[in-house]
Amino acid sequence: MAEVEIKVENLVYAKPRLITDTVMHYCPGCSHGTVHKLIAEVIDEMGLEGKTIAVSPVGCSVFAYNYIDVDWIEAAHGRACAVATAVKRLHPQHMVFTYQGDGDLSAIGTAETIHAAARGENIVTVFINNAIYGMTGGQMSPTTLLGMKTATTPYGRDAGLNGFPYKVSDMLAHLDGVTYITRQSVHTPANVRKCKKAIRKAFENSLAGNGYSMVEVVATCSSGWKLTPVEANKWLEENLLSVYPLGDIKCSNLPK
Amino acid sequence: MADREVKLMKGNEVIAHAAVRCGCDGYFGYPITPQSEVMETLMELKPWETTGMVVLQAESEVSSINMVYGGAATGKKVMTSSSSPGVSLMSEGLSYLAACELPCLVVNCQRGGPGLGTIQPSQGDYFQACKGGGHGDYHLIVLAPASVQEMYDFVELGFDLAFKYRIPSMLLADGAIGQMMEKVVLSPQKPRRSDEQIVQECGSWAAHGKGGRKQRNIVTSLFMQPDELEEVNNHLQAKYRQIEAAEVRYEEFMCDDAEYVLVAFGLSARICSATVEMAREEGIKLGLLRPITLYPYPYEPLKKMAERGVKGFMSVELNTGQMIEDVRLAVEGQTPVAHYGRTGGIIFNPESVLEALKNNLLK
Ligand SMILES: Cc1ncc(C[n+]2csc(CCOP(=O)(O)OP(=O)(O)O)c2C)c(N)n1
Ligand code: SF4
Ligand SMILES: [Mg+2]
Numbered sequence: 031m032a033e034v035e036i037k038v039e040n041l042v043y044a045k046p047r048l049i050t051d052t053v054m055h056y057c058p059g060c061s062h063g064t065v066h067k068l069i070a071e072v073i074d075e076m077g078l079e080g081k082t083i084a085v086s087p088v089g090c091s092v093f094a095y096n097y098i099d100v101d102w103i104e105a106a107h108g109r110a111c112a113v114a115t116a117v118k119r120l121h122p123q124h125m126v127f128t129y130q131g132d133g134d135l136s137a138i139g140t141a142e143t144i145h146a147a148a149r150g151e152n153i154v155t156v157f158i159n160n161a162i163y164g165m166t167g168g169q170m171s172p173t174t175l176l177g178m179k180t181a182t183t184p185y186g187r188d189a190g191l192n193g194f195p196y197k198v199s200d201m202l203a204h205l206d207g208v209t210y211i212t213r214q215s216v217h218t219p220a221n222v223r224k225c226k227k228a229i230r231k232a233f234e235n236s237l238a239g240n241g242y243s244m245v246e247v248v249a250t251c252s253s254g255w256k257l258t259p260v261e262a263n264k265w266l267e268e269n270l271l272s273v274y275p276l277g278d279i280k281c282s283n284l285p286k
Numbered sequence: 003m004a005d006r007e008v009k010l011m012k013g014n015e016v017i018a019h020a021a022v023r024c025g026c027d028g029y030f031g032y033p034i035t036p037q038s039e040v041m042e043t044l045m046e047l048k049p050w051e052t053t054g055m056v057v058l059q060a061e062s063e064v065s066s067i068n069m070v071y072g073g074a075a076t077g078k079k080v081m082t083s084s085s086s087p088g089v090s091l092m093s094e095g096l097s098y099l100a101a102c103e104l105p106c107l108v109v110n111c112q113r114g115g116p117g118l119g120t121i122q123p124s125q126g127d128y129f130q131a132c133k134g135g136g137h138g139d140y141h142l143i144v145l146a147p148a149s150v151q152e153m154y155d156f157v158e159l160g161f162d163l164a165f166k167y168r169i170p171s172m173l174l175a176d177g178a179i180g181q182m183m184e185k186v187v188l189s190p191q192k193p194r195r196s197d198e199q200i201v202q203e204c205g206s207w208a209a210h211g212k213g214g215r216k217q218r219n220i221v222t223s224l225f226m227q228p229d230e231l232e233e234v235n236n237h238l239q240a241k242y243r244q245i246e247a248a249e250v251r252y253e254e255f256m257c258d259d260a261e262y263v264l265v266a267f268g269l270s271a272r273i274c275s276a277t278v279e280m281a282r283e284e285g286i287k288l289g290l291l292r293p294i295t296l297y298p299y300p301y302e303p304l305k306k307m308a309e310r311g312v313k314g315f316m317s318v319e320l321n322t323g324q325m326i327e328d329v330r331l332a333v334e335g336q337t338p339v340a341h342y343g344r345t346g347g348i349i350f351n352p353e354s355v356l357e358a359l360k361n362n363l364l365k
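Sequences listed follow chains A and B, in order.
Mind the numbering: the first sequence is residues 31 to 286 in my numbering, read in order.
Mind the numbering: the second sequence is residues 3 to 365 in my numbering, read in order.
Some hints here could point you the wrong way.
[Claimed, not checked] Computed, partial: chain A to chain B, Cβ under 10 Å:
1. Gly80
2. Thr82
3. Val88
4. Asn96
5. Trp102
6. Gln123
7. Met125
To be clear, the hints were calculated from the coordinates, so they are not data collected in a lab.
Just so you know, even glycine gets a beta-carbon here, dropped at the ideal spot from N, CA and C.
Okay, chain A solo, but in the shape it has when bound:
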């Protein structure tokens, strides 16, 4: 393919400087890659490249460390917030964030997440809620909607059989140690811009030493949902957003 030269005045978007050249393994239509780019831009714009320590989860984004050009620690499944707690306490001047899926954070890592949040650790969690276990082949997660078909709920999630989904962000918002909590999405360009602002705000909140911050991103998993990228965006809008509505849930300061 011939290289097309784009004039500076026509350039509206470029690969963020801190996104590496490694080819992303994400499926077409997956939200993970979009959120990675936003994080990379925020780190770069805030001048945090040298002082960021990121913690990746077990889930489809386990390889997040291949894509964003900062120091990374790969945590065991669900343990990211415990790992980040120690990192931040031992490096109080650094920017420390975890990047976790709904299985990692709201199932196996519930305890680590709640307690890091309750203690008011000065860390940020980017929580990618695609209501499914993408990596292991599309099984039910705690945030899977009632009626939603997954590999382990082939007839649709049934409350009696599989229990109810829960709203992680709303639950965490009750904790004193949590000061900024917001739910975003990246399924339209306007939402992408809002989500980036939210990530920046969370990073600033954390650097200010204002306790725990979380940006939940209601995300697509086109493969797990067995939809095309366009259908996945539509399905997200029509189904997930009524259960997981977008917007800020808490903006506050730590109690005195």
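Starting from the known structure of chain A, fit chain B with the ligands onto it as the hints suggest.
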């Protein structure tokens, strides 16, 4: 010596003092009997006001070991302590720590199991400490203190070995040594390493922020390419062989002319040394080999004893027979190997060890 500080202290307390004094950066733990005094002592010492050491009570042992994982991944000198059921919860984390080659210290003040068992002392976690516990092919360096002084000394030794080989060290103690009070010589306070020192020492691998580095560091144990993971395993194994060649520590007591040899570590070894003296008075040529490192294990000295004609070994442990497997491996079937042990928190006395020796090997 003017600055020689001698104190009367509990085994668990000295772990805390040793940690602060050797320049530890962070302790993360969850209360469990019989070792809760470790964290209690640290909280009383408030080292964050003096050396800057972080002390944090976690919500579980799953969390505390992952906090250790996080701290160690940045090159800091971090540790945790627990007792048997808590260490079971740490097994996942230990496997990750070993896989990522992260230096750290884990203290296990063993209590009786299986299950919730008892809060009384035990040596029932020998297999767990030395043969795995977590998944995959890995080892920890395992040190077995037999006195309060060794509880103190092995904290720094454990850290030194951990950093020398980039491997987690475990101090395998038991509830009795943790609770026992003895005289201990305290070492002078060492400063914690500066950030620059850590960068110099660990900058090639630790994820403490890219800073001035061109190359970022990634701490991970995920290797999806078969040949890549096998290479990692080969590298780990080569390191273990190096440790086995260089770091075996043990102590012999009256072994030179011994016809029979007791093999015991930690608390059991203390008891067995009295047994040896009793036996000698009766004219029985008994000796004691006390492994100080349980991994790497002193196979060679045991093998040499078998080769020079020792007539029998007895592995004396506060369990139903775990270390005996290593004694048997060492002597390769040349010599009979018996076991004597009690469980449930019952501690044998020197007389019952001698009686067991007579029943098992001298008949
Ligand atoms: C201890 C442990 N249990 C189970 C797994 C298998 N596992 C890997 S990823 C995953 C779920 C990931 O789902 P999620 O966090 O929602 O991430 P996604 O892939 O959807 O982004 C599971 C169960 C594991 N790696 N470790
Ligand atoms: S399986 Fe789902 S979450 Fe994973 S990469 Fe594909 S679309 Fe993304
Ligand atoms: Mg998911």
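Would the hint on glycine 80(A) stand, with a C-beta cut-off of 10 Å toward chain B?
Hint on glycine 80(A): holds, closest Cβ of chain B at ~5 Å, below 10 Å.
Is the shortest C-beta separation between methionine 125(A) and chain B less than 10 Å?
holds (8 Å)
With chain B as the partner, please determine if glutamine 123(A) meets the hint condition of a C-beta pair closer than 10 Å.
Holds - the Cβ of glutamine 123(A) comes within 10 Å of chain B, reaching about 9 Å at its closest.
Against chain B, run the beta carbon of tryptophan 102(A) and see if the smallest gap drops under 10 Å.
holds (5 Å)
Hint validation: valine 88(A) versus chain B, beta carbon distance must be below 10 Å. Holds or violated?
holds (8 Å)
With a cut-off of 10 Å on the beta carbons, see whether threonine 82(A) makes it to chain B.
holds (6 Å)
Using Cβ atoms only, decide whether asparagine 96(A) comes closer than 10 Å to chain B, and label the hint accordingly.
For asparagine 96(A), the interface hint holds, since the closest Cβ of chain B sits about 8 Å away, which is under 10 Å.
Figure legend: structure checked against the earlier numbered hints; every hint is met.
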